[in-house]
Amino acid sequence: AQSVTQLGSHVSVSEGALVLLRCNYSSSVPPYLFWYVQYPNQGLQLLLKYTSAATLVKGINGFEAEFKKSETSFHLTKPSAHMSDAAEYFCAVSAPRGSQGNLIFGKGTKLSVKP
Amino acid sequence: GAGVSQTPSNKVTEKGKYVELRCDPISGHTALYWYRQSLGQGPEFLIYFQGTGAADDSGLPNDRFFAVRPEGSVSTLKIQRTERGDSAVYLCASSLVGTSVDTQYFGPGTRLTVL
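Just so you know, the sequences run in chain order A and B.
Using this note's numbering, read the first sequence as starting at 1 and increasing by one per residue.
Using this note's numbering, read the second sequence as starting at 1 and increasing by one per residue.
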């Protein structure tokens with residue numbers, strides 16, 4: 001069975017500081033991995049996804065994530081936090097390739113950005 | 001173009017009542033998913049439609065939950081004899097073809113409160 005673990009339910013950084021949100025996955029087959037962001041009272045929005053091409057994936061709003069098979073990780077980073085990055089972030093793994101693609105989500109990490 | 005829309009945005013009902021939640025996917029998307037997000041948790045898969053048929057309903061918690069998509073577009077999630085434990089945000093997502101690499105686009109959700 002596939003699963004996702006996000007370390008840290010709440011992360012706080014200062015504006016301009018590095019953002020690092022951790023995600024580890026468990027999968028018996030090569031996974032597809034996703035990061036979604038959820039702003040208050042809005043739907044989940046895709047930040048980026050790993051689909052077995054380049055291991056370093058660049059997304060929207062300056063975010064990127066690196067797939068590390070040896071560590072079963074897909075951590076999300078951004079070099080310099082902005083106030084507008086305050087939101088909840090979800091890591092997800094897709095059901096095995098060839099199937100219908102329902103997502104298995106982590107519990108989420110709420111990011112706060114201090115001025 | 002228009003994104004995924006869900007109505008109502010909020011629904012308050014009493015224990016034992018019947019409720020219907022509606023999802024309008026992005027036009028042309030053949031795949032439609034329902035998820036449930038409880039407080040402090042990530043979204044959990046409920047059911048997946050490919051066209052008009054429910055291709056995977058393995059996430060529905062019990063037989064009080066049912067969903068339809070009669071014309072392959074709008075979908076309705078139906079909950080009978082609601083219980084307080086059904087209180088959650090119900091999310092709908094659609095994707096173009098429904099494979100595991102496909103991007104899912106989420107609606108803003110319906111917040112269901114069962115008193």
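Calculated from the structure, these hints are not laboratory results.
From the three backbone atoms N, C-alpha and C, an ideal C-beta is built for every residue, glycine too.
Hints should not be assumed to be uniformly reliable.
To be verified - Quick list of in silico lysine-lysine cross-link-like pairs, DSS-like style, CA-CA up to 30 Å:
1) B:Lys-15 with A:Lys-114
2) A:Lys-107 with A:Lys-58
3) A:Lys-107 with B:Lys-11
Said to hold, decoys possible - Selected chain A positions facing chain B (Cβ under 8 Å, derived; list incomplete):
4) Tyr-39
5) Gly-43
6) Leu-44
7) Thr-72
8) His-75
9) Gly-101
10) Asn-102
11) Lys-107
12) Gly-108
Consistency of the hints with the structure:
1. B:Lys-15 with A:Lys-114: Answer violated: Lys-15 of chain B to Lys-114 of chain A is near 41 Å, above 30 Å.
2. A:Lys-107 with A:Lys-58: Since the Cα atoms of Lys-107 of chain A and Lys-58 of chain A sit roughly 23 Å apart, the hinted pair holds (cutoff 30 Å).
3. A:Lys-107 with B:Lys-11: holds, 24 Å
4. Tyr-39: violated, 10 Å
5. Gly-43: Holds - the Cβ of Gly-43 of chain A comes within 8 Å of chain B, reaching about 4 Å at its closest.
6. Leu-44: Because about 4 Å separates Leu-44 of chain A from the closest Cβ in chain B, which is inside the 8 Å limit, the hint holds.
7. Thr-72: Cβ of Thr-72 of chain A sits 18 Å from chain B, so the hint is violated.
8. His-75: violated, 17 Å
9. Gly-101: Nearest chain B Cβ about 4 Å off; hint holds.
10. Asn-102: Since chain B brings a Cβ to about 4 Å from Asn-102 of chain A, closer than 8 Å, the hint holds.
11. Lys-107: holds, 5 Å
12. Gly-108: Gly-108 of chain A check passes; min Cβ-Cβ to chain B is 5 Å, inside 8 Å.
Checked against the numbered hints given earlier, this structure breaks hints 1, 4, 7 and 8; the rest are met.
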